[in-house]
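Colleague: Listed below are the residues making up each chain.
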Amino acid sequence: MSCGNNCGDNKSSRRSFLASMATGAAGATAGLTLAPGITLFSPAQARSKGEAASSKVRWGMLVDASKCDDGCTACVDACATENGWQGHGNPATDAQWIRKVKVTDPAKGTSQTLPMMCQHCEEPPCVDVCPTGASMKRADGIVLVDKHSCIGCRYCMMACPYQARSFVHESVTDQRTHAPRGKGTVESCTFCVHRVDEGRQPACVEACGGTKRGALVFGDLNDPDSEISGKVAQYPSQAIRSDLGLKPGVRYMGLDT
Amino acid sequence: MSREKFKRIEGRSPAFLALIAGLGILVLLGLGSAWTMEHHGHVITGMNNRIVWGMPHVFAVFLIVAASGALNVASISSVFGRTAYKPLARLSVVLAIALLMGGLSVLVLDLGRPDRLIVAMTTYNFRSIFAWNIYLYVGFIGIAGVYLWVMMDRTVARFSKPVGLIAFVWRLALTTGTGSIFGFLVARQSYDAAVMAPLFIAMSFAFGLAIFLLVVMVSSGGTGRELGDATVRRLKNLLGIFIGAVLYFTVVQHLTNLYAAEHHAVERFILLDGGIFTTMFWVGQVLIGAVVPLVLIYAPVFATNRQAIALAAVSVVVGGLAQVYVIIIGGQAFPLVLFPGKIVSSSAADGVVAAYNPSLPEIGLGIGGVALALAIVAMAVKIFALLPKTLADAETGPT
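From first to last, the protein sequence lines stand for chains A and B. Start counting the first sequence at 2; every next residue gets the next number (the numbering used here). Start counting the second sequence at 935; every next residue gets the next number (the numbering used here).
Just so you know, these hints were derived from the structure itself, not from any lab. Please note that the accuracy of each hint is not assured.
Stated by the list, open to error - Under the rule of at most 27 Å between Cα atoms (straight-line distance), these lysine-lysine pairs were calculated in the DSS-like manner:
hint : chain 1 : residue 1 : chain 2 : residue 2
1    : A       : K57       : A       : K248
2    : B       : K1276     : A       : K103
3    : A       : K109      : B       : K1276
4    : B       : K1276     : A       : K248
5    : B       : K1276     : A       : K68
Based on the provided sequences and hints, a complete structural model is requested.
Modeller: This is the structure in structure tokens:
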């Protein structure tokens, strides 16, 4: 999942790619000039294979808790299917990259549900404490675990305020090629990085949209014209445990606070 | 002390061979436990995604903390110039190395991927206190080894004070690092406190000296060496002070938390209604780990009673394990606070106290680490001249 040793090798190809963009259809849309006058367009924020993530982008998610229904697990199911972390029937040890949390106000007696997953913090404590650097944050803000250098010490799980990480407690089967897993290592929500790099939406966002609820919005928080930036600017939203100053990439609105 | 005042043990008696055999079996059981855990995965342990560190960590942290404390006797001798402790200095260093090796073995064998130890040794994230600890632990073993060398080789004996000073400072850094593993965890209500570092240092003083005292008593008795009352009195009085220090920092730890309203719930959990954790705190840590040994150490009726003093040391060890259990397991069992003031529930047991039932392989691995440490000491005193021929009062002097 990390760029590993390929980062340096990719610099030249990145430069040539950017140069082709400049001579071709420069602007917000990434395009590749095939021949004079013929340009192949790709989704606006897709990256070519081998291209390093850019800090110009800050991927984030906005959860509208007022649209999230109790009993709906579309996001959880989609994530499990997409990333192949179906459990063994034991919630205590099964991986849960995303879970539905029910929040009840004892004073009012009202409840809400919302999805909880890796909050992709700007200052991730899991990355700080990881002894080998397996826990890492990409330039575009996505927090990942390098499955090749995780030694399974679980210190990141001790450090995460959101209980967002899972330890793989037993052998895994039916792995997805885009989401490698391994017994004895730690894992968590990747924001469906394999999809995002192709310019697609995370599986949970797509599934939530499919239910017509549309409680999840994903996009570039650095892009003032993105839907997520517009909503964050327009509506009050908050980070969970904002007191910790971790600046999560996931924000919540519609909370009954 | 002249050089011939130390002597290897014979190591041929049936009792010694039985000891080595017994420890060897426990080490093998520990290795078997680790293999079982790695083969089946941690699903066979009591650990889960809430209690991510379990019994192996209780044993490992206890041994690592005790290791740095075991070095204190050597430090008192060479750094603070108390010659009465000099006959015990070599054993002190060897015990420190052995305890650290036992603790690290448990820690490493509990990893999800112990086969990737080489990754941990070659790839560092220097923002991680864990990565720093790898240096602190390995460095400690190296420095302690040099310390032992300058003690045993008269040609380099002049370096014993500076090397002893380095070892003393290093051991303080090591325990600070171990305490900071918890102190740096901002997310958890029961950690996230700077007092964890000095608390762990006080714990190391007490646990390390208690184990040292027991090793001295057993090795003296087992090899027919005389152990004078003066030596025992010095060590037990020192142990009493260290127990008091642990109590002091424990009081500070909880009073500080009680002052902050946001920590009231976790304090209530540990001190009042946390079930097994409350019991382990009051009965294990406070009663068995502090009150009982303090009575045994300071009550005049037990003044020279060796059984009472040995029992005091055993109590400190038992209470110490309870204390580490409360810190590590209790700290995780208390739920993370996602929405302060709200009731939270989920499929991942948000908002409720996490269940933890330690499994046999976990406990087996931990005991294997203890056995490894003791086996290293037993073999070391047979191979090297580490034990003084006598600890009679006339030899050790009045101070």
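Colleague: All hints, please: hold or fail.
Modeller: Structure-based check of all given hints:
no.: 1; hint: K57(A) - K248(A); result: 17 Å, holds
no.: 2; hint: K1276(B) - K103(A); result: 10 Å, holds
no.: 3; hint: K109(A) - K1276(B); result: 10 Å, holds
no.: 4; hint: K1276(B) - K248(A); result: 22 Å, holds
no.: 5; hint: K1276(B) - K68(A); result: 20 Å, holds
Every hint from the earlier list agrees with this structure, and none is contradicted.
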